[in-house]
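Heads up: the sequence lines are chains E, U and F, in that order.
For the first sequence, my numbering assigns the number 1 to the initial residue and increments by one for each residue that follows.
For the second sequence, my numbering assigns the number 1001 to the initial residue and increments by one for each residue that follows.
For the third sequence, my numbering assigns the number 2001 to the initial residue and increments by one for each residue that follows.
Hint data in this document are derived by calculation from the structure and do not stem from the laboratory.
Be aware that a few hints might be false.
[Said to hold, decoys possible] Chain E residues, not near chain F, derived (Cβ > 12 Å throughout): (1) Ala-50; (2) Pro-72; (3) Gln-82; (4) Ser-83; (5) Leu-86; (6) His-89; (7) Ile-212; (8) Leu-219.
[Unchecked claim] Per label pair, the in silico range of CB-to-CB distance: (9) Glu-175/E - Val-2012/F: 40 to 48 Å; (10) Thr-274/E - Glu-2163/F: 50 to 58 Å; (11) Leu-2048/F - Phe-1103/U: 39 to 47 Å; (12) Val-2192/F - Phe-1103/U: 40 to 48 Å; (13) Pro-1206/U - Ser-2178/F: 49 to 57 Å; (14) Arg-2162/F - Lys-101/E: 40 to 48 Å; (15) Lys-101/E - Arg-2101/F: 35 to 43 Å.
Even glycine gets a Cβ: it sits at the ideal position worked out from N, Cα and C.
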Amino acid sequence: MGQITLSNVNKTFGSTVIIPNINLEIDDGEFVVFVGPSGCGKSTLLRLIAGLEDTTSGTIAIDGKDVTRAAPAKRGLAMVFQSYALYPHMTVGKNIAFPLKMAGESQEVIDKKVADAARVLNLTNYLERRPGQLSGGQRQRVAIGRAIVRNPSAFLFDEPLSNLDAALRGTMRLEISELHHQLKTTMVYVTHDQVEAMTMADKIVVLNAGNIEQVGSPLDLYRSPKNLFVAGFIGSPKMNLIEGAEAEKRGAKTIGVRPEHIGISTDKGDWKGTVGVAEHLGADTFVHVHANGLGTINVRAGGEVQLEHGQTVYLTPDPAKLHRFGADGNAL
Amino acid sequence: MATRQTHGLARLMLAPSVIFLFIWMIVPLAFTLWFSFQQYNPLNPINDRFIGFGNYALFFSNPAFFSAILNTLILVVSVLAITVIGGIMLALLLDQPMWGQGFVRILVISPFFVMPPVAALVWKNMIMHPGYGVTADIARFFGLQPIDWFAQWPLFSIILIVAWQWLPFATLILLTSLQSLDGEQKEAAEMDGAGFVSRFIYLTLPHLSRGITVVILIQTIFLLAVYAEILVTTNGGPGYASTNLPFLVYQKASLEFKIGQASAGGIIAVILANIVAFFLMRAVGKNLDK
Amino acid sequence: MARAVSTEHKIVATIGAWIVALLIFFPILYTIITSFKSETEAIAGFNLIPSFTTESYAEVQDQYNYFKPFLNSVLISVGSTVIALLIAVPAAWSMAFSPTRRTKDILMWMLSTKMMPAVAVLFPMYIIFRDLGLLDSRFGLMVMLTMINLPIVVWMLYTYFREIPGEILEASRMDGASLWGEIWYVLTPMAVPGIASTMLLNIILAWNEAFWTIRLTTTEAAPLTAFISSFSSPQGLFWAKLSAASTLAIAPILIMGWFSQKQLVRGLTFGAVK
């Protein structure tokens, strides 16, 4: 149930190649996140799996069965769209019931399954409302409910949290993760937000211009990024990337060190610089230091550091956590 | 968004519309083109023969024909001037906060929905009639001689009637356009020190230019074809004073059975319309790309 | 603007607007008023208060059988709208949901056929209608009106269909709906308001069409446009009767028009003004 394999998948629109060649295995029950910048092809990839777009070449298999030519309805998948795509002329109850109605289930079965889904998602009191009368978070849950009742082999999520405000996003993230633990069904989730990726995924697929840059668990990608792109993309705030003398000294074209792996001191250290802007978040302070010859380095200082703008400081990177990249951008 | 499953059926569903419109355009127009090069009178076929551009030459040599084209242009330009300027002013007025705005809009938009024969007859008999019309009553009230509008100013009378009918259209379009002007832009201009007139010239008018262009182009297409108002009031007269191109073609075809001449007139009308259509399609095309 | 406007400003604007609006509406208003006068009243001079008699309306029906052209107008307006919808809905559907590179060109070509002046094909159409036995027939008029207004109907439906979010249709596909299921359960309910608006505008345009309805009819199929036009000479209807006939002729469309302002902008500016 829910094992998906993509082999040599290529997608071309006219003369534009969106996805050159992708090979990917998604295991049953995994929470896989496709992440990458805008235009990297992650949504296209999701839609190829869903059957909403045809592959130009290559095959897609679900549980060993070749579904490359199958219509979306026949793939046994369910999708939650970015805009939720609820049927505006139907009540919440009818929205959730729709897939069951299309499958020809009896009214009794439909009523029971809709009631179950509504209970799981806290929608029981909203069944008679129309989508227009619901808040963003509630609409989201209806979309998820509609997906759940199909009992799919896998859930597909297309940037479902993008339209919500920050506070709601945090809550819904937890709810979706909780849902995954409950249902144990495969989930393929697309987002451009690497925080969502890191917090929710079992496995992250980093995409760039239609190519897979790296596949791995969140911590894998954090600790061992395979190239500059992944290094700069995963981790918030961004990893500091330094070229020039310091990099050559260590036998690399570029070195990278995360803000949380740099020590800052007022009297001694490896790199000298002056304090620029300091961002106080309460629990952390991020200090942007203009380091001599190295550019601006972002350093995470401990909670309540008192540093003046223009003050001279010294930075010391943790040598164990320093990443080295060659001229081709790959990790050394 | 479409996949293999949907493309095949789509072409089939488009076919009837395309076929019908294609036949509707090509077949009769081809006939007209053919006839335009003939001298052809179905009631008196003795003289029927091919005469090349003879019919077209009439439009340059014969004063009646030439004045039909001239009257057409005068009619179009005059109505455009009245409706665009009037439309802008009305739109500005209706955009102001007031009581009963919805009702005012309904009153202003009504003339557009009155069918042309009714509009023309109402103006002819109730308003412009030198004996019993309202303008006659007003003139007599001031001790003046009532004007016989359709005898003294035939083309102008037609222009008035047609402008009355199309003013609501221009107003509605320009009002819609006006209301899409971003309120924040207006506030920014105010902060920058622009007074009402400056704001109008530098902010409002440029924003309206798109709407004005559309109003001009679309109205021109319809104004080139004014017919019923003339039929019901002056019948093109006195003489040819209020005859426009469509009416001339009708006269030649339906009354005098000079089909060749009528057809040439029809082709000229098509050419005129195509010139306007070219510019209109450019404006529409730009919008479709969005 | 979120600022309060001075009351003086509002009063001046209100007075100004009402005066202008009443002036513009006056011909229509006076026609309605006159329709409730007797003939002698009507020519007695300018008078805004009628005696509220309906004798003119009665005479219009008795002397001229007004009901027939009225019925004709209703039949051809509604009939041509139905035919146009039957042809246009599939066309607009396919262009909105399965667009190709040619779609834009086809749409623009369709719009351009609307711009052809009717006079240009007056004679050939007359002959074609005569030879097909369609002269002075309601069906012939319906076909004609369909042809004329089809571009606008297709265009309007196209814009309404495009506003239906594609994702909702995709969702229905993911939910297991077949093509017909998608059309029946999701697309059509969402498209109904747009289809209704298009119908409204088309009825208005067909009712008011004053060229072909005059030139292609004589007695049987003549709708109100032709009927009213036949009274252009002074020996025809007198003013009270003319007013009654006119009021009835324009009343339905006036009312429809009041409710379709937005549709008018959408249908007749071809999207060039939002």
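*Tell me, which hint numbers fail for this structure?*
1, 2, 3, 4, 5, 6, 9, 11, 12, 14
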